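J.: Given chain A's structure and the hints, the job is docking chain B onto it.
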Amino acid sequence: MIVLAMAIFPLIYSLSISFMHYRLIPPMPPRFNGLDNYAKILGQARFWSVIYTTSVIVIFSVFLQYVIGFAVATALNAKIRGSSVFRVLLLMPMLIAPVAVALIARMILNPVIGPLDQFLTMFGFPDLPFLSNKNWAMGSLIAVEVWQWTPFVILLMLAGLQTLPRDVYEAATLENASKWRQFWDITFPMLLPISVAIIFIRIIESFKIMDTVFVMTGGGPGIATETLTLFAYQEGFKKFNLGYTSALSFLFLIFIIVIGVIFLAIVKPYVEKRS
Amino acid sequence: MTNISIRNLSKSYGDVVVIPGINLEIRDKEFVVLVGPSGCGKTTTLRMIAGLEEVSGGEIWFGERDVTNLRAGLRNTSMVFQNYALYPHMTVAQNIGYGMKVRKVPKPEIDKAVRKAAQILDLEAYLERRPKNLSGGQRQRVAIGRAIVRDPDIFLFDEPLSNLDAKLRIEMRSEIKALHRRLQTTIVYVTHDQVEAMTMADRVVVMRDGNIEQSDDPITLYEKPANIFVASFIGAPSMNFLEGTITSGEGGAQFQTTDGVTIALPANKWADAAGRPVVLGIRPEHATESSPTKTVVTMLVKSVEPLGPHTLINGTVAGAKFTAQMPAGTSFEPGESAEIHINLDKAHLFDGASELAIR
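So the sequence lines, in the order shown, correspond to chains A and B.
Under my numbering, the first residue of the first sequence carries the number 840, and numbering increases by one thereafter.
Under my numbering, the first residue of the second sequence carries the number 4, and numbering increases by one thereafter.
Chain A with its partners taken away, still in its complex shape (with noise of 0.2 Å):
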């Protein structure tokens, strides 16, 4: 009991408050507005162009992860010279932490003397706009995040790949399945409810994404990166708007919901059909 009411509580709390006008600057007593907040919310562009920022992020991100961890997964599981010690490495960015991670991209990003940019400018190239222009600050961003979390699903795709059974391979090789053809018509169907999970995993943990953006763009240029948490850690804390935040909140929290049963109802028939 005490247990449930310390996880239902805060969310509680925060509901009631998502229904007031509710600052702290200039301290105002909270009055309740009913629906008010949400309707502004809904009602702002800049909301949806946050939605939208976010989803972009989230769907690239999480995809590449996936494909390109999935695949260094499969090769390191493969028994090769040294594979214990690139074990290891590969799964070091996912150790540091994220804040820690951004303030080394965007020194790396530097335009004009980071390294990426100095080496790039050997080769002729000019100085390039990697977190100040639109589309380049979302794809230095995506790219962060699938350096960062693409050991994460290295390490789970690993672990499922080493309870696959070798005798099944085996047979498959005895039927002369191309090596291609073994992994289309074993290695991922046996693998697909792990991958579910992962990338079930990391695209709610991806919606959360917030000191990545806050320390290489801040959102910018203008509102062009800027994310959920971001949003609303800008009406949270720089403008105190309490109501107003908690709201959003909950409207992110109705969102993620709603991406997660998508997702789940989308992919439910395939992992079904294999179980």
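In short, the hints are calculated from the structure, not lab data.
One or more of the hints may lead you astray.
[What the hints assert, rightly or not] Capping the alpha-carbon separation at 27 Å, the derived lysine-lysine pairs in DSS-like fashion look like this:
hint : chain 1 : residue 1 : chain 2 : residue 2
1    : B       : K272      : B       : K227
2    : B       : K135      : B       : K115
3    : B       : K135      : A       : K1018
4    : A       : K1107     : B       : K297
5    : B       : K32       : A       : K1018
6    : B       : K227      : B       : K104
7    : B       : K180      : B       : K227
8    : B       : K135      : A       : K1107
9    : A       : K1107     : A       : K1047
10   : B       : K115      : B       : K32
11   : B       : K297      : B       : K324
12   : B       : K180      : B       : K115
13   : B       : K135      : B       : K104
14   : A       : K1047     : A       : K1018
15   : A       : K1018     : B       : K104
16   : B       : K180      : B       : K170
17   : B       : K272      : B       : K305
18   : A       : K1018     : B       : K107
[Claimed, not checked] So the derived list for chain A, only partly shown, Cβ under 8 Å to chain B, looks like this:
hint : residue
19   : V924
20   : V1007
21   : A1010
Every value quoted in this text rests on a predicted model; they were computed, and no experiment measured them.
Every residue gets a Cβ at the ideal spot worked out from N, C-alpha and C, and that includes glycine.
T.: Relative to chain A, chain B alone:
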């Protein structure tokens, strides 16, 4: 026509030599069983025939084809694995038809072949099920079904029955034998169970430490084992061995055990083996309550095992472990002495040093 010719085939993992070099000719349509204790190299040999294991030396020929370095998928063999190796995410029908799908056979043809295989193996009711919803015996049948739809040149079986219970194993044994008669394909079958080997094979190849000890039809193997290892491996319960020497005395030759027990030998039998250390081998079924050669030894009884059709008595004769097979209803108390009649016409003699049979 697919005979298999294995020429001086060897296998080593680094410095560890698993198979020093074997030669084996398997005729077209022959059912050959490789049998031996664990680690004797039988499975490695099978996997080299399949192409799943690289060859360290020597050659493998299928008929006129040298397949030594040919990719496993191009050898047209199919294999039934010990753990079935079914694709867990596919239905029974998909499992059986997968090989044809890989070879891009049109779907109606696959369906037809799958249905035919299912009919032969009594799997028609299970075609839409997944392996995990099948019993061990049914899974084994699916694995066999997957092997037969391919219409392979050679069937390979790797201890296929070892995960089944005793009753099912006996059933599957006769089913596989019937399948061989029906399909008329060369079969190489690996097992550690000598009963399986004896009951199914046209020819049994007994292996030990990577060498072929003897390769003969089951009855020859039983009646004329080439050496002590084969004699003790084939037959259950195992053959009894008494160590000693043969001395020529008045009234013919005698076998004298190291403990000084003397057994008179029939006239002219093994007389030329006199003087060197030998081992006398007697199967339990030839040590019983009476015998045509009227040879009697005294056995110290340690335990009695009534099996129904007959009763086994375990104990020692001249200090060596000995098992006798007595008629049902025979009763001895542990600690008693029993008079055992040995049929020396059916006994075997081996050289004590080389362990080879002396005929």
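J.: So, for every hint listed, does it hold in this structure?
T.: Okay, the hints, checked on the actual structure:
Among the hinted pairs, K272 (chain B) with K227 (chain B) is consistent with the structure: their alpha-carbon atoms are about 16 Å apart, no more than 27 Å. Pair hint K135 (chain B) plus K115 (chain B) holds up; C-alpha atoms about 24 Å apart against a cutoff of 27 Å. Between K135 (chain B) and K1018 (chain A) the alpha-carbon distance is near 25 Å, which keeps this suggested pair within the 27 Å criterion. As the CA atoms of K1107 (chain A) and K297 (chain B) are separated by approximately 79 Å, the hinted pair breaks the 27 Å bound.
Note on K32 (chain B) and K1018 (chain A): the hinted pairing is violated, with a Cα-Cα distance of about 32 Å set against a maximum of 27 Å. Taking the CA atoms of K227 (chain B) and K104 (chain B), the gap is about 48 Å. The hint is violated against a cut of 27 Å. Our distance criterion of 27 Å between C-alpha atoms is met by K180 (chain B) and K227 (chain B), whose separation comes to about 24 Å. In summary, the hint linking K135 (chain B) to K1107 (chain A) is supported, as the alpha carbons are separated by about 20 Å, within the 27 Å threshold.
As the CA atoms of K1107 (chain A) and K1047 (chain A) are separated by approximately 24 Å, the hinted pair is consistent with the 27 Å bound. Between K115 (chain B) and K32 (chain B) the alpha-carbon distance is near 25 Å, which keeps this suggested pair within the 27 Å criterion. Proposed proximity of K297 (chain B) and K324 (chain B) is supported: the alpha carbons are some 21 Å apart, at most 27 Å. Pair hint K180 (chain B) plus K115 (chain B) holds up; C-alpha atoms about 24 Å apart against a cutoff of 27 Å.
A C-alpha spacing of about 22 Å is found between K135 (chain B) and K104 (chain B), which places the hinted pair at or below 27 Å, so the restraint holds. Distance check on the hinted pair: K1047 (chain A) and K1018 (chain A) sit about 38 Å apart at the alpha-carbon level, beyond 27 Å; violated. Annotation: proposed proximity of K1018 (chain A) to K104 (chain B) holds, straight-line Cα distance about 15 Å (limit 27 Å). This hinted pair checks out: K180 (chain B) and K170 (chain B) have alpha carbons roughly 16 Å apart, not beyond 27 Å.
Pair hint K272 (chain B) plus K305 (chain B) does not hold up; C-alpha atoms about 32 Å apart against a cutoff of 27 Å. With a CA separation close to 16 Å, the supplied pair K1018 (chain A) and K107 (chain B) stays within the 27 Å bound. Hint status for V924 (chain A): violated, given a least beta-carbon distance of 22 Å to chain B, over 8 Å. Here the hint on V1007 (chain A) is kept, as its CB sits about 5 Å from the closest CB of chain B, short of 8 Å.
Taking 8 Å as the C-beta contact cut-off toward chain B, the hint placing A1010 (chain A) at the interface holds, the least distance being around 4 Å.
Of the numbered hints given earlier, the model fails hints 4, 5, 6, 14, 17, 19; all others are met.
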